[in-house]
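Listed here are the chains, written in short residue letters.
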Amino acid sequence: MTVSAPSTFRPPGSLPTEPLAAYAGPWNARLAAHLLRRAGFGGSPAEIARAAGAPMNAAVDALVHVPATDSLPAAPALIDDAEGRPLTATPALPEAPAMMAGASPAPDDAATSAIVELRKQRNMLRREQDRANVTWWLDRMLATPAPLQEKLTLFLHGTFTSSDNQKGIYGLEIVDQNALFRRYALGNWRELTHGVARDVAMLKYLDNARNVKAHPNENFARELMELFTLGIGNYSENDVRESARAFTGYTFRRRTGEFFFNAAQHDDGAKTFLGRTGNLTGDDVIDIIYAQPAAPKYVARRLLEFFVYSDPEPQLVDELAALIRKNDFNMAPAISTLLRSNVFYSERSYRALVKSPVEFVIGSYKLFGVPQVNPDAIAVLRRMGQVPFHPPNVKGWDGGVQWLNTQTLLARENFASGLMVAAMQTDNFLRAASAANATELARSLAQTILQGDASPASLANLEAFLDGHGTSANGALSGENYEERLRGAAYLTMAMPAYQLC
Amino acid sequence: MQRSRFLIGALAGLSVAATADDLFGAALAQPILPNLPGGSDERVLVVVNLQGGNDGLNTIVPHGMPQYYRYRPTLGIAPNDVLHIDGTIGMNPQLASLKGMFDKGQVAIVQGAGYPGPDHSHFRSTEIWQTAEPSKYVSTGWVGRFLDEAGLPPTNLFNGVALAPVLPAVMTAHRIDVPAIAQLQGYGLSSDRNASERAAFATLVRDDRVPFSSPYLATVATIEDHAQKGSEELPKLLAGYAPSGTYPATPLGRSLALAAQIVGSRLGTRVIYVQHGSFDTHAAQKPTQDRLLRELSDALKAFYDDLAAHGNDRRVLTMTFSEFGRRVAENGSRGTDHGEAAPMFLIGGGIKGGVYGSHPSLDQLDNGDVTYTVDFRSVYATIIEKWFGRPADGILAGSFPALTMLG
Numbered sequence: 001m002t003v004s005a006p007s008t009f010r011p012p013g014s015l016p017t018e019p020l021a022a023y024a025g026p027w028n029a030r031l032a033a034h035l036l037r038r039a040g041f042g043g044s045p046a047e048i049a050r051a052a053g054a055p056m057n058a059a060v061d062a063l064v065h066v067p068a069t070d071s072l073p074a075a076p077a078l079i080d081d082a083e084g085r086p087l088t089a090t091p092a093l094p095e096a097p098a099m100m101a102g103a104s105p106a107p108d109d110a111a112t113s114a115i116v117e118l119r120k121q122r123n124m125l126r127r128e129q130d131r132a133n134v135t136w137w138l139d140r141m142l143a144t145p146a147p148l149q150e151k152l153t154l155f156l157h158g159t160f161t162s163s164d165n166q167k168g169i170y171g172l173e174i175v176d177q178n179a180l181f182r183r184y185a186l187g188n189w190r191e192l193t194h195g196v197a198r199d200v201a202m203l204k205y206l207d208n209a210r211n212v213k214a215h216p217n218e219n220f221a222r223e224l225m226e227l228f229t230l231g232i233g234n235y236s237e238n239d240v241r242e243s244a245r246a247f248t249g250y251t252f253r254r255r256t257g258e259f260f261f262n263a264a265q266h267d268d269g270a271k272t273f274l275g276r277t278g279n280l281t282g283d284d285v286i287d288i289i290y291a292q293p294a295a296p297k298y299v300a301r302r303l304l305e306f307f308v309y310s311d312p313e314p315q316l317v318d319e320l321a322a323l324i325r326k327n328d329f330n331m332a333p334a335i336s337t338l339l340r341s342n343v344f345y346s347e348r349s350y351r352a353l354v355k356s357p358v359e360f361v362i363g364s365y366k367l368f369g370v371p372q373v374n375p376d377a378i379a380v381l382r383r384m385g386q387v388p389f390h391p392p393n394v395k396g397w398d399g400g401v402q403w404l405n406t407q408t409l410l411a412r413e414n415f416a417s418g419l420m421v422a423a424m425q426t427d428n429f430l431r432a433a434s435a436a437n438a439t440e441l442a443r444s445l446a447q448t449i450l451q452g453d454a455s456p457a458s459l460a461n462l463e464a465f466l467d468g469h470g471t472s473a474n475g476a477l478s479g480e481n482y483e484e485r486l487r488g489a490a491y492l493t494m495a496m497p498a499y500q501l502c
Numbered sequence: 001m002q003r004s005r006f007l008i009g010a011l012a013g014l015s016v017a018a019t020a021d022d023l024f025g026a027a028l029a030q031p032i033l034p035n036l037p038g039g040s041d042e043r044v045l046v047v048v049n050l051q052g053g054n055d056g057l058n059t060i061v062p063h064g065m066p067q068y069y070r071y072r073p074t075l076g077i078a079p080n081d082v083l084h085i086d087g088t089i090g091m092n093p094q095l096a097s098l099k100g101m102f103d104k105g106q107v108a109i110v111q112g113a114g115y116p117g118p119d120h121s122h123f124r125s126t127e128i129w130q131t132a133e134p135s136k137y138v139s140t141g142w143v144g145r146f147l148d149e150a151g152l153p154p155t156n157l158f159n160g161v162a163l164a165p166v167l168p169a170v171m172t173a174h175r176i177d178v179p180a181i182a183q184l185q186g187y188g189l190s191s192d193r194n195a196s197e198r199a200a201f202a203t204l205v206r207d208d209r210v211p212f213s214s215p216y217l218a219t220v221a222t223i224e225d226h227a228q229k230g231s232e233e234l235p236k237l238l239a240g241y242a243p244s245g246t247y248p249a250t251p252l253g254r255s256l257a258l259a260a261q262i263v264g265s266r267l268g269t270r271v272i273y274v275q276h277g278s279f280d281t282h283a284a285q286k287p288t289q290d291r292l293l294r295e296l297s298d299a300l301k302a303f304y305d306d307l308a309a310h311g312n313d314r315r316v317l318t319m320t321f322s323e324f325g326r327r328v329a330e331n332g333s334r335g336t337d338h339g340e341a342a343p344m345f346l347i348g349g350g351i352k353g354g355v356y357g358s359h360p361s362l363d364q365l366d367n368g369d370v371t372y373t374v375d376f377r378s379v380y381a382t383i384i385e386k387w388f389g390r391p392a393d394g395i396l397a398g399s400f401p402a403l404t405m406l407g
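Chains A and B, in that order, are what the protein sequence lines are.
The opening residue of the first sequence carries number 1 in my numbering; numbering runs sequentially from there.
The opening residue of the second sequence carries number 1 in my numbering; numbering runs sequentially from there.
Keep in mind the hints are simulated off the structure, nothing from the lab.
Keep in mind that a hint or two might mislead.
Said to hold, decoys possible - Below are the PhoX-like pairs computed for lysine-lysine, each with C-alpha atoms no more than 25 Å apart in a straight line: (1) B:K301 to B:K286; (2) B:K104 to B:K352; (3) A:K120 to B:K286; (4) A:K395 to B:K136; (5) B:K99 to A:K167; (6) A:K167 to A:K120; (7) B:K301 to B:K99; (8) A:K395 to A:K167; (9) B:K136 to B:K99; (10) B:K301 to B:K104; (11) B:K286 to A:K213; (12) B:K286 to B:K99.
What the hints assert, rightly or not - Pairwise CB distance ranges, derived in the manner of DEER restraints: (13) A:R127 to B:Q185: 42 to 50 Å; (14) B:R291 to A:G233: 55 to 63 Å; (15) A:S14 to B:R291: 51 to 59 Å.
Stated by the list, open to error - Rough simulated footprint, nothing fancy, chain A against chain B, three-plus residues with beta-carbon under 8 Å: (16) 120-130; (17) 304-314.
Since this is a predicted model, take the numbers as computed values, not measurements.
Even glycine gets a Cβ: it sits at the ideal position worked out from N, Cα and C.
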């Protein structure tokens, strides 16, 4: 119990003989819930029952064949400033010299004060837009009929990261980037990468908009290889410098907010990048990267760590990478194969990941039938360590053991507790959870919330809690105390370790 | 002493409900504040992570090196603005409070700290500074290994404390579980329906006989257990401390105020981690770095004033680090890209202040970067050996000569 940092979180045991071959074992609610947790954001009891009632292949088909999502709002409303100007464009406000120096304006300087006031209002509206953006996406995760597409969008956001309301990213720029991820979620990820190199939010986030011939800025070029496509060790510092030159001139027009290749700022001299020499452009660099053997392996490893388990075996990475290469980075076949595979449904994979905060919150909403995301969820998610559109840095969220510390687990438990006192939101679920006695009720809660993943001792403890052991004043479970005990027991069930695991 | 007994009592009381009891087996046998060999049981280290890569050349400014101004046409700090230390170097003018402490002999500057084979990735280089392993990947931090090997009781929930929303690699240990505390307010369970729910919670979160196996199960159970117990105890343990003076209303100011409270409340805490940033100034560096350096300097001053008012300033050594310095030449966006070596600060009433190591050459650059002159592991070795009185070679997987500001 004192081991806080094992050197690997790969599950013990060994790979099945054909890890990616189609799983042919028994199919039940436990595995259907596993599929919905991993390939989506969990399921309501009805959704789990439906997936379990169909054959495994049909359940995966329903995820991989993305249904129309026209019923969902395509984007949040765009907020303009008081004068009707968009918040995206470079503000047409004069710079206040006093502000630039970091000093407060002289009280008698009315013009400066007016500018300060305008900026304050703008910043407030930008924060409002950012909250609207995050809430819009969370609502979409909750309501979408295409959860796998949405889950992959989250995966891609955590890979090709940008952050809203940072580095001049305002308005709907992050939502536009999000639409790009969604469009390519089950599409071709090399083509996606070409799109990312032209995406305005990315051009701002990693400074490529400022990458000019006379002074190359390496930020995007470096992270493109280190974090987006190859991983460290598969390129040299010289490759970083040379590819930064190749991306010079990839910028956007400030007036329209659209991608623009500025030929005058592009370095069209010869570059040598990963062994190829020529007048390379940024797009050439991307194609060279995806021809590297390391590229499909990098994607495969990240997918396995996101969908299956931590620290996957090199053999498993290689097998999935071969499939990705064979399909030329069209990702649907590899993802579809993975979600039907022996390794995905193996006991080693079951509950072998830690739920991300987004999985925890959206999954709980789905489980209890909460119809809409509460705007307070953003603050809750911040305490848990994950606000969509706000990765901690360009590396995204590390996930796994990094989700787990005293602070973030307290936040999870307090969210569960809050959900169980929000009577309106969970009424339907709680009404459905009726049982004749404490024994049955404990079993029913453990089944619905944990798919039965509780020890006999814990069931007995839950039962004892429901029956009022330790509170001599209140007595056994009765009509009087039924709802309060039920809510308390549901909270306790959500606090159990199994509920933190995916 | 009374406080220590109180903590043991609290833990022993809660252990009644526990199922896997190896956590508590030794609780009553060991004092909560063991004497470390070397007799430095009162000593605390505060680690300040300057996240994002702080530009060393504009922190300790080599105003006496003409090349500095050639490489920094817009970002160079004019000689008259620099807070002079000697004819070659001085401090950024935003560090006025820190310069005051330096002049009183409470600050040691280690110039040119870095490591062989420098990595320009934030993440790898952060990992290298935190794990003290430039050549391989390891799962524990150097502080974590120190905590593991210092003979501290794992039953104390506050041997090390990370004042951060996420546990940093530097504090990751095998034997000791370090809590992450973003801020004291809101650190605790909000549900408090009744005693029976609390008791049930304590047992249920340690459910480890589940009908599945997960590599994360034991970790989740341990941390949930520690979160409940620690968050219940901490406010009580800290309640007797009245801070002195006013801290800047910044995240770092709040973190250091809490750090002073933890030190003053004598919880047996040996290392406290705080963070500050982001210093990743690829564009328009000056306003960002100015603000961050001023916040750093003012918060450290308030911290040591508070510590001194409680007689704790000689007990606390503070060390700053950043994953790298920045490129010597500024880029076209009035910013700087990722570089290599940079200065570190060691601060406290118990050190010999001054300037240590030599400033890296600006004549011979490594592909546009300064080359390190002091291996940062020498600084860690100094702290482990001279501050804590423990052998450093095992923790650092090698022998690194200690510097002379301590001991």
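Now the hints, each set against the structure:
In summary, the hint linking K301 (chain B) to K286 (chain B) is supported, as the alpha carbons are separated by about 22 Å, within the 25 Å threshold. Simply put, K104 (chain B) and K352 (chain B) have alpha-carbon atoms about 10 Å apart, close enough for the 25 Å limit, and the pair holds. A C-alpha spacing of about 21 Å is found between K120 (chain A) and K286 (chain B), which places the hinted pair at or below 25 Å, so the restraint holds. A threshold of 25 Å between alpha carbons decides the hint, and for K395 (chain A) with K136 (chain B) the separation of about 20 Å falls inside it, so the pair holds.
A threshold of 25 Å between alpha carbons decides the hint, and for K99 (chain B) with K167 (chain A) the separation of about 32 Å lies outside it, so the pair is violated. Only pairs whose Cα atoms come within 25 Å are accepted, and K167 (chain A) paired with K120 (chain A) is accepted, the gap being roughly 17 Å. Taking the CA atoms of K301 (chain B) and K99 (chain B), the gap is near 10 Å; set against the 25 Å cutoff, the hint holds. A threshold of 25 Å between alpha carbons decides the hint, and for K395 (chain A) with K167 (chain A) the separation of about 16 Å falls inside it, so the pair holds.
Between K136 (chain B) and K99 (chain B) the alpha-carbon distance is near 37 Å, which puts this suggested pair outside the 25 Å criterion. Simply put, K301 (chain B) and K104 (chain B) have alpha-carbon atoms about 12 Å apart, close enough for the 25 Å limit, and the pair holds. Distance check on the hinted pair: K286 (chain B) and K213 (chain A) sit about 23 Å apart at the alpha-carbon level, within 25 Å; holds. The suggested pairing of K286 (chain B) with K99 (chain B) holds, with an alpha-carbon distance near 19 Å, which does not exceed 25 Å.
A C-beta distance of roughly 22 Å is found between R127 (chain A) and Q185 (chain B), which places it outside the suggested range of 42 to 50 Å. Checked against the given bound of 55 to 63 Å, the beta carbons of R291 (chain B) and G233 (chain A), roughly 36 Å apart, lie outside it. For S14 (chain A) paired with R291 (chain B), a C-beta distance near 53 Å keeps the hint of 51 to 59 Å intact. As drawn, the region 120-130 of chain B meets chain A at 5 residues by the rule of a beta-carbon pair under 8 Å; at three or more, the given contact holds.
For the region 304-314 of chain B, the assignment as covered by chain A is violated, since 0 residues bring a beta-carbon within under 8 Å of that chain's beta-carbons and 3 are needed.
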